[in-house]
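Residue numbers (the numbering used here), protein chains in the order written: chain A, 6 to 370; chain B, 6 to 370.
There's no promise every hint is true.
To be verified - Below, simulated DSS-like cross-link-like pairs (lysine-lysine); rule was C-alpha separation at most 27 Å, straight line:
1. Lys117/A to Lys294/B
2. Lys294/A to Lys269/A
3. Lys240/B to Lys114/A
4. Lys294/A to Lys240/A
5. Lys96/A to Lys114/B
For the record, the hints were derived by calculation from the structure and aren't laboratory data.
Okay, here's what each chain looks like letter by letter:
2 protein chains.
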Amino acid sequence: MTNRVINFYAGPAGLPVDALKRAQDELLDFAGTGMSVMEISHRAKEYDAVHEEALALTRELMGIPSNFKVLLLQGGAHLSFGMIPLNLLRKGRKADYITTGNWAEKAFKEAKLVAGDNVREAASTKAEKFARLPKASELQINPEAAFVHFTSNNTVEGTQWHDFPKTDKPYVCDMSSDIMWRPFDVNQFGIIYAGAQKNLGPSGVTLVIMRDDFLEMCEAQDLPSYLRFKIHAEKNSLYNTPPTFGIYILRNVLAYNKSIGGLKAIEANNRKKGELLYGCLDKHAGFYKSFVTEKADRSLMNVDFFLPSEELTATFVSEAKKNGMVGLKGYRDIGGIRVSTYNAVTVDNVKTLVDFMEEFAKKNG
Amino acid sequence: MTNRVINFYAGPAGLPVDALKRAQDELLDFAGTGMSVMEISHRAKEYDAVHEEALALTRELMGIPSNFKVLLLQGGAHLSFGMIPLNLLRKGRKADYITTGNWAEKAFKEAKLVAGDNVREAASTKAEKFARLPKASELQINPEAAFVHFTSNNTVEGTQWHDFPKTDKPYVCDMSSDIMWRPFDVNQFGIIYAGAQKNLGPSGVTLVIMRDDFLEMCEAQDLPSYLRFKIHAEKNSLYNTPPTFGIYILRNVLAYNKSIGGLKAIEANNRKKGELLYGCLDKHAGFYKSFVTEKADRSLMNVDFFLPSEELTATFVSEAKKNGMVGLKGYRDIGGIRVSTYNAVTVDNVKTLVDFMEEFAKKNG
Numbered sequence: 006m007t008n009r010v011i012n013f014y015a016g017p018a019g020l021p022v023d024a025l026k027r028a029q030d031e032l033l034d035f036a037g038t039g040m041s042v043m044e045i046s047h048r049a050k051e052y053d054a055v056h057e058e059a060l061a062l063t064r065e066l067m068g069i070p071s072n073f074k075v076l077l078l079q080g081g082a083h084l085s086f087g088m089i090p091l092n093l094l095r096k097g098r099k100a101d102y103i104t105t106g107n108w109a110e111k112a113f114k115e116a117k118l119v120a121g122d123n124v125r126e127a128a129s130t131k132a133e134k135f136a137r138l139p140k141a142s143e144l145q146i147n148p149e150a151a152f153v154h155f156t157s158n159n160t161v162e163g164t165q166w167h168d169f170p171k172t173d174k175p176y177v178c179d180m181s182s183d184i185m186w187r188p189f190d191v192n193q194f195g196i197i198y199a200g201a202q203k204n205l206g207p208s209g210v211t212l213v214i215m216r217d218d219f220l221e222m223c224e225a226q227d228l229p230s231y232l233r234f235k236i237h238a239e240k241n242s243l244y245n246t247p248p249t250f251g252i253y254i255l256r257n258v259l260a261y262n263k264s265i266g267g268l269k270a271i272e273a274n275n276r277k278k279g280e281l282l283y284g285c286l287d288k289h290a291g292f293y294k295s296f297v298t299e300k301a302d303r304s305l306m307n308v309d310f311f312l313p314s315e316e317l318t319a320t321f322v323s324e325a326k327k328n329g330m331v332g333l334k335g336y337r338d339i340g341g342i343r344v345s346t347y348n349a350v351t352v353d354n355v356k357t358l359v360d361f362m363e364e365f366a367k368k369n370g
Numbered sequence: 006m007t008n009r010v011i012n013f014y015a016g017p018a019g020l021p022v023d024a025l026k027r028a029q030d031e032l033l034d035f036a037g038t039g040m041s042v043m044e045i046s047h048r049a050k051e052y053d054a055v056h057e058e059a060l061a062l063t064r065e066l067m068g069i070p071s072n073f074k075v076l077l078l079q080g081g082a083h084l085s086f087g088m089i090p091l092n093l094l095r096k097g098r099k100a101d102y103i104t105t106g107n108w109a110e111k112a113f114k115e116a117k118l119v120a121g122d123n124v125r126e127a128a129s130t131k132a133e134k135f136a137r138l139p140k141a142s143e144l145q146i147n148p149e150a151a152f153v154h155f156t157s158n159n160t161v162e163g164t165q166w167h168d169f170p171k172t173d174k175p176y177v178c179d180m181s182s183d184i185m186w187r188p189f190d191v192n193q194f195g196i197i198y199a200g201a202q203k204n205l206g207p208s209g210v211t212l213v214i215m216r217d218d219f220l221e222m223c224e225a226q227d228l229p230s231y232l233r234f235k236i237h238a239e240k241n242s243l244y245n246t247p248p249t250f251g252i253y254i255l256r257n258v259l260a261y262n263k264s265i266g267g268l269k270a271i272e273a274n275n276r277k278k279g280e281l282l283y284g285c286l287d288k289h290a291g292f293y294k295s296f297v298t299e300k301a302d303r304s305l306m307n308v309d310f311f312l313p314s315e316e317l318t319a320t321f322v323s324e325a326k327k328n329g330m331v332g333l334k335g336y337r338d339i340g341g342i343r344v345s346t347y348n349a350v351t352v353d354n355v356k357t358l359v360d361f362m363e364e365f366a367k368k369n370g
């Protein structure tokens, strides 16, 4: 414990220490079974209890109604980028994609590979390096589109949809980097998908939440079985061997999240963290330059900024490390500093960073 | 430690306790980083060392030449069942599949979904409930086939190819349930793939070993990126976020395997275990009836047998459990008892079981 650092990695990222301690305590003997949870058959009742609890906690924390299925798959958002068009868009159905960053663009490109001209860009801020989100007036939604795909938080660029895009179409959304950061109404979503490795658990688990009418739209009987959402839904994500240990850690994280007051409490923490961090950036706006150009689009999960020089950036990273803070180096295409403040990063962690940033600005500004 | 049971599950299955202890010791602080290995970015040097070591140990233990790529993917054998025909068989190339059990049949069906009549069954023992392997004289290899697919060990039925099928075609092989049970020459293999959850580590990691000429045969530029072997090979399995914790456990298991003498030592243990277990079955052949009809085809990984009645079977399972042995219930379609004796099951574990079986036969025979 004493040696734990403050972890600002963009993903895989820090997890609640209580969830990890629970795993450590029972790593050789899970729930009195005499086995690690990773050594237990996925058909055994001891594992099944973990699987069901992970699914139930997801439903409870997010308030997911019964007309949605919750799936625990593999392959991260990347495999979902492909599975969504393979299941939904090969037979002429149309969809719109809003491209707001590196990951949103990947989702769009993967959909085009499968569905060609049936998918189009409803808006893009690429000309502005994705440094802001499109405004409502910039969205050009195809009336024939079956859904609008968007990326709720742009991990690389540090923008986030605080109000979801204005459209009456169902959403399909990559929420990998901000799922469960706050409560929200899932009903307008046809599909929510998220790699676990930012807000939920370790890499190797993908959470997919799918509305029943979207599941019914899947026309994919000629696809290999693993790629068919319907099969996973019918078999409760036990069609094949699931990533059992990853799901167990997800369960631990969700149980911890519930114990601290659920998504409302988590949202309050995230908002405090954002106030502290953006407050510091705004105060020292001559020294720390924000990458994002519209304040309304600022992400509460990833905060990108630049220092006056590359030398100072390198010094910032190395001095932060000496002070027990890691993972601050910016994404390779953007540079500068990126602070990822996912759910497991505490308000105190951010206070420590902000104190350091104040000092650093005074000394070098 | 004192509470550990003897684990005969068919997968996910027991792992070497040393590999688990190592994980437990550093679960909150990996290698002095102040983080769990699952909290570290997959682009950080601390994770990279684990990734590279897992790959290097795989090469070293199996003696894999430099004209093969080693990949660490997700989705288990199930996703590989689809990826192989999607990458190799959509443009008219032909392949033969030998169906020798439940899993071999699944591989064949998935290939047919993608490639239709371009894949055929080179042999099947389904008419005999897969209770033996086809003989060399029964194999009907299509001269036009680019490869012959087989399943090296049939987990459900308990048969194993001790000598690989007689053909001069390259093999494509699902080795999920017996990879690394012994040394063998990989050169005739175009692709070897294996879900980790039997001999290698936790579920959620898939090992794929692919010969360069097979990689070159992949014609898949219209496939979603996650499904393209070439992309994973070019990016050293870091195209997307890999299942980092699972790969770390794989590394721990492989490092342990090396420390005990590598695959030669493991093979010697596996042969001793087989002698003990099959010796007991043969000695009590009137009481324990083997499912497999040909002794030459008996698996050293999964041993299926029946007791005289369902009542005795249930008693066997429950009394074994009282004696600290779990996972012995047979596969649902076959019934009876299945003893899975993967690499992590020790000779002493099997001795304990055999002593119990001797007693049980005496008391109830």
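Unsatisfied constraints (hint numbers, rising): Per hint list: 1, 2, 4 violated.
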